[in-house]
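A.B. asks: Listed below, chain by chain, are the residues.
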Amino acid sequence: MEHLLTVNRLQTAFRTDQGEVISIDDVSFRLKAGETLGIVGESGCGKSVTSLSIMRLLGAKGRISRGEIIFEDKSLGKLTEAQMRDIRGNDISMIFQEPMTSLNPVFTIGHQMIEAIRLHMSLDKKAARAYAIEMLKRVGIPRPEVMVDEYPHALSGGMRQRVMIAMALSCEPRLLIADEPTTALDVTIQAQILELMKKLKQESGTAIMLITHDLGVIAEMADKVIVMYAGQVVEETDVFTLFDEPKHPYTQGLMQSIPHIDAEHGERLASIPGSVPSLQNMPAGCRFRARCPHAMEKCEAELPPLIPAGKNHLTRCWLAVQPASMAKEAAYG
Amino acid sequence: MVNQELAGRQPLLQIEQLKTYYPIRKGVISRTASHVKAVDGVNLAIYPGETVGLVGESGCGKSTIGRTIVRLEEPTEGRILFRGDDIAHYGSKAMKQVRSDMQMIFQDPYSSLNPRKRISDILAEPLLVHGILPKEQVAGEVEKLLEIVGLPKSYKNRYPHEFSGGQRQRIGIARALSLKPKLIVCDEPVSALDVSIQAQVLNLLKDLQKEFQLTYLFIGHGLGAVRYISDRIAVMYLGKVVEIATTESIFRQPKHPYTRALLSAYPVPNPHLRTKERIVIQGDVPSPANPPSGCRFHTRCPLAMAICREQEPELKGAQHSVACFASEA
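These protein sequences, in sequence, are chains G and Z. Read in full-length UniProt numbering, the first sequence has 37 at position 37, and its numbers run on one by one without any break. Read in full-length UniProt numbering, the second sequence has 215 at position 215, and its numbers run on one by one without any break.
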């Protein structure tokens, strides 16, 4: 089996008062075991919905309306809720942005960890507790045998995120989905958590799907990156190519608008004019065209597919079409 | 802005030994048990036309300084000299006068605009409260303000919920500008915004500074943004300023071990640099209710010596000030 996870033309929709709204559309990517895939984009671009679709945690109003998600030869959309529950936590775990709200405040850390460990690993209470302490130690919690009996409020944000990581990794998942794991943390604590994730990945070989809006974190962690805009993948390539030769005008704009800490002082920041279109009012054709400096007639008429722009490099932009490659447009067609 | 240029000029704002403590109350009679020392003896001067960046991690007191300067918090001790007058203990009447020269832009563009008021009312309010313009001219001024911050005039009848975060922040900026202030305290104005929108707002702030000769105190934790906008930067740790210098010096020759760690921890958007040796400081920031003795950073400092545990280092040096025993040696 070559790929651990294959997401193929995924479309997820949510019911709202104004009718069904398509949140993500035509999202495709693949992830190998041990690889780190970065998903980058601004708020509302659909990066979190992509991960929640994989976990099938879309709530009563959301549904996968098209496409499929294949994890280790299983099509996740076709599993029963019970089978899915078995996969969550066991094979795929997730850590969330808010370490403050994703732990239950009325139970001790140990209680919450032991619950998950016993559920998935069929250990007895004593063994599960010892294992929980071991996991806390691995993620760098000081005095784990004491901390295991603490309540979440007694821990700082960074420590809580360590606990979340310990919980997520305790069942040795094949895939870890980390949704903005360091966004709520201070930069020195972020550095600690990123180092920890790198170390744990090396030890366990877990594949990571890292969702973030921070291109710095992407550059630091990812092997492969997909850039999302307004619910679609607009560019996909390896991390070096993405930073060296971004092809999509949105990616280029994003790169230019980060104030670099090593930039020359006094130069003006490039910015992308306008703002992201709303889901209810998605324009026809290319979704970025209203903000794009290169918009052409064709961009209004027709939505570009993901077009090859080099080796393992795809971009959803008509600019990438060379006359010769017109024929083999769609990448995952 | 060059420092020699500053030497002969009077600071617009100067804070001296500023302390802002929050009481921690305990028991049935809410007796004050101890204090959170959010700001604990800070000196800082801001000169006309410059931007001073204030950086540090959450809980270091940077926002409290901003809020104390505009007197949204009461200072516990120390002086706040605005154009030479100590406003630290001004009453609300006297403060109202000062506030037209001193405005603030807040971090959260979602909670800092009244959701039940139209944009025209939000922008007109300061003009009417301060009696700057006769009523019949206010509408025209509101349109002018919207234009200045790059929003169409036709938006004036809308409500805040109809705007995106970036647009709301523009409205917040327009409101701060309406009284033609000299000093604007910007409290993390771009932290809640997306990267592409951050750049728009940072550019706007820079343009406005030039056009209206504004002075900014820019509080932020994103080092990139702070570097982009600031002439000088002050780095804070646990209620104290540990280093102040020009932006150039802070980034090229950081002297305090905390500043170095902070710069090193910032993830650089360049995958070719990911192998660089970074200084990862261990542990968390100690509680400001019970800060460590001596140098407050000594519990996490890679260079800590015996003296750091016993004595508190002073901020020394005229051009590039730093509070660290190790950098003196």
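In short, the hints are calculated from the structure, not lab data. Where is the CB? At the ideal position from N, CA and C, for every residue including glycine. Don't take each hint at face value.
With beta-carbon atoms standing in for the labels, derived distance ranges [claimed, not checked]:
id : chain 1 : residue 1 : chain 2 : residue 2 : range
1  : Z       : His-89    : G       : Ala-60    : 51 to 61 Å
2  : G       : Thr-183   : Z       : Thr-32    : 32 to 42 Å
3  : G       : His-111   : Z       : Gly-84    : 33 to 43 Å
4  : G       : Glu-245   : Z       : Arg-79    : 32 to 42 Å
5  : G       : Gly-59    : Z       : Arg-79    : 48 to 58 Å
6  : Z       : Arg-79    : G       : Ala-154   : 36 to 46 Å
7  : G       : His-111   : Z       : Asp-85    : 32 to 42 Å
8  : G       : Ala-154   : Z       : Lys-210   : 25 to 35 Å
9  : Z       : Lys-210   : G       : Ala-290   : 53 to 63 Å
10 : G       : Thr-183   : Z       : Ser-154   : 52 to 62 Å
A.B. asks: For this structure, which hints from the list above don't hold up?
C.D. replies: Of the numbered hints given earlier, those the structure breaks are 3, 4, 7, 8, 9 and 10, listed in rising order.
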